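S.K.: Assemble chain B onto chain A, guided by the hints.
2 protein chains.
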Amino acid sequence: MTGQPLPGFRDFFPPEHSALRSIFEAWREASRRSGFSEYEGPELESLELYTEKSGDEIVAQLYHFKDKGDREVALRPEMTPTFARMVASQHRNYRKPIKWFSVPRLFRYERPQRGRHREHYQWNCDMVGEKSVAAEAELIATLCLGLSLLGLGANDVVVKVSDRSWWDAFLAKHGVEEKDKPGVLRTLDKLEGSTPEQRKDKLGKLAGFVEEAWQGQGADSEALKAVHQGVKDLGYGGWCETDLRVVRGLAYYTGVVFEVHDRAGKLRAVAGGGRYDDLLKKLGGEDLPAVGFGMGDAVLAELLKEKKVLLEKKGGAEIFVVAEKAEKSLALALVGQMRRNGWSVDYDPGAGKWGKQLEVAEAKGARWGLLVGRESAEGRLGLKELATRKQLEIRWSRAADENICLEPNPGEWAKVVG
Amino acid sequence: MTGQPLPGFRDFFPPEHSALRSIFEAWREASRRSGFSEYEGPELESLELYTEKSGDEIVAQLYHFKDKGDREVALRPEMTPTFARMVASQHRNYRKPIKWFSVPRLFRYERPQRGRHREHYQWNCDMVGEKSVAAEAELIATLCLGLSLLGLGANDVVVKVSDRSWWDAFLAKHGVEEKDKPGVLRTLDKLEGSTPEQRKDKLGKLAGFVEEAWQGQGADSEALKAVHQGVKDLGYGGWCETDLRVVRGLAYYTGVVFEVHDRAGKLRAVAGGGRYDDLLKKLGGEDLPAVGFGMGDAVLAELLKEKKVLLEKKGGAEIFVVAEKAEKSLALALVGQMRRNGWSVDYDPGAGKWGKQLEVAEAKGARWGLLVGRESAEGRLGLKELATRKQLEIRWSRAADENICLEPNPGEWAKVVG
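Protein chains in written order, with my numbering: chain A, 1 to 418; chain B, 1001 to 1418.
Each hint can be trusted.
Some chain A residues well away from chain B (every beta-carbon gap over 12 Å; in silico): (1) Ala-169; (2) Ala-207; (3) Glu-407; (4) Asn-409.
Listed next, the in silico PhoX-like pairs over lysine-lysine satisfying Cα-Cα at most 20 Å (straight line): (5) B:Lys-1131 with B:Lys-1225; (6) B:Lys-1131 with A:Lys-356; (7) A:Lys-232 with B:Lys-1325; (8) B:Lys-1225 with A:Lys-328; (9) B:Lys-1356 with A:Lys-131; (10) B:Lys-1325 with A:Lys-225; (11) B:Lys-1390 with B:Lys-1415; (12) A:Lys-66 with B:Lys-1066; (13) A:Lys-96 with B:Lys-1353; (14) B:Lys-1232 with A:Lys-325; (15) B:Lys-1282 with B:Lys-1181; (16) A:Lys-131 with B:Lys-1353; (17) B:Lys-1068 with A:Lys-66; (18) A:Lys-328 with B:Lys-1232.
These are calculated hints, taken from the structure and not from any lab test.
Remember, predicted model here, so these are calculated numbers, not experimental data.
Idealized CB from N, CA, C, for every residue including glycine.
Chain A on its own, in the form it takes in the complex:
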């Protein structure tokens, strides 16, 4: 048996998984607070769902195959096509604007590298049915809330906002024909880190004007002004700035686009999104305006590690019950009872010697040892805070309904031990 996952895939042992969960929890909490409802779709879809949106070029990056029913299928590389399919089939049942989010697992056959895997998780938030840029402001505020719940602030990240319609007008003004625009936009998208010479080379006579735009000499469009105002009203003004260098490579964006970057500029984009008013119609759905973003777990985790706000915990229970062999039934009853009351409780099922059980309790990282010795026959138990070795006695008794009462109960232990 091979001991490793496939190249580009990840095993999440309990410490790494607890870090991943803290990311998921922040994403879900920010979504909930912002009024987004969660949905999920299949991880395997018809291949044509992807080729229809992105053309055949995407196939090179897909995990696709023929299933046993002779269907051409693919592991989803992104959530938007599934989202579009689901919105098309049920949007009539939902009041607009629809605010949905998801935390899908996505698959791409790419060269694995730092912060880029063949399988990753992504927070997807979308709003459908709202034409005004209030939607963009709301989406940006939601992602800022998510990042702040993870311990990041405006000093750590920046939301760079740009406007595809501004670029549209810019290109038209400088004589670029409609049919050539997508190509020029793709070129612009790939200029990050280029030298002025390289830009001159690739953009020809446009280069000088682009240079000016990059240096912020273009005034914000009306749309950008309104987005900045909305984001500021919602409390995230300091997180946001106009940066026309952001164009987003994907062909389907139609208006405001944005990317989240680390302030130091060391990593790839943490998140990206924008307005895609034509896509839902193109994918066979209704003609509905839409704004959305995606935020992957991998680059985000890199950033959180760098800022030392991502904690890897081994897990394990808070309370560990240690018992004499003769008291095993009482010990198990205590375990069952405390768990039903909401506490996380463990014990040594092999029931080794007293000292060995205590050793397991410490090795597993429990905070409390609840000691069930001979004195338990007289209603007395020992309580030990394992790290400080403080110890005291507590009382147990059986109520009329057979439930076991502890005095003090676990919620009071920290206070009592002091």
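M.R.: Only chain B this time, still in chain A's reference frame:
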């Protein structure tokens, strides 16, 4: 674009997803309280990881293909091989017994039917490194806790416990040779719902003895007695009974096995598991004893729906801010502030007329409407409980740190409105 998922796959719109999440939350909470730590692995693995454990016959049920790097890969049909691979690679870093759980998504190319899909979620709990049947009792108690957190009790479900070693001894006693045992066990596993005649037909001279065993005339083995005692001590005695008809088809079980069924016996098994002491070694890992169970989401959801304890909610925010156009900035500031304080808050980004905003608030199922009208300039806001139409006035002010204070704050609204 096809509006439907592939056959056997499911879309989870917000109501269905909220039902699914309540299942996940119960699984995770029961695991946490019972001292299990979460892990996760890749959904795509080497094909040989599955053929090594289950032989080539499993391939007929797999989604497998050659990836762009010419590797034979498969979507995972179960978690145990990944779990075994991960345990083998890191078990030395963890104190035994290892208690890990996962909530993987699994894929099988099967005929879709009620409660059986081509893609489903499964709660997997495993304990590694414990020889005594205290492990079985702990696993059974954990799954009972999970079911009880979902609102099910011993009147709804039964944990049927059996013992493969008992059957081993039984078959030996009746002259079945070692090499024929797996075949006979598989036959026994498929006798559910058969007539005595059919059993005679399939089992020959064994039939009479099997009949006696089925009718509970065999005494519990020592292992079964100890499991029942442990489960009873942990508080779930009423959930559990010996039923030797349970044998579990899979070849790798070595001792106690168990299945959870609905008491009415109408559905397929809700969960199944048992001891598999030889499997980790066979899969190239260490020689470690292990017990585990799996519980799928599909049959469980059927049962919860039948018992009417599975709630589908549309989601949506609790508080909806309704504002005059002139007060938009203040309204957004209130939205941002309340969200940062942990409340779920929504508003109409299109900012239609007052009446339309209230209508959206109601359509989206908000409990509270926070009304920001002209009186807000004097520090006054309206608060409306939308379902009861009760309305009262509350105060807002800006603190020195620019934060907005509400009086009373949202935590007190229910009490104040009464």
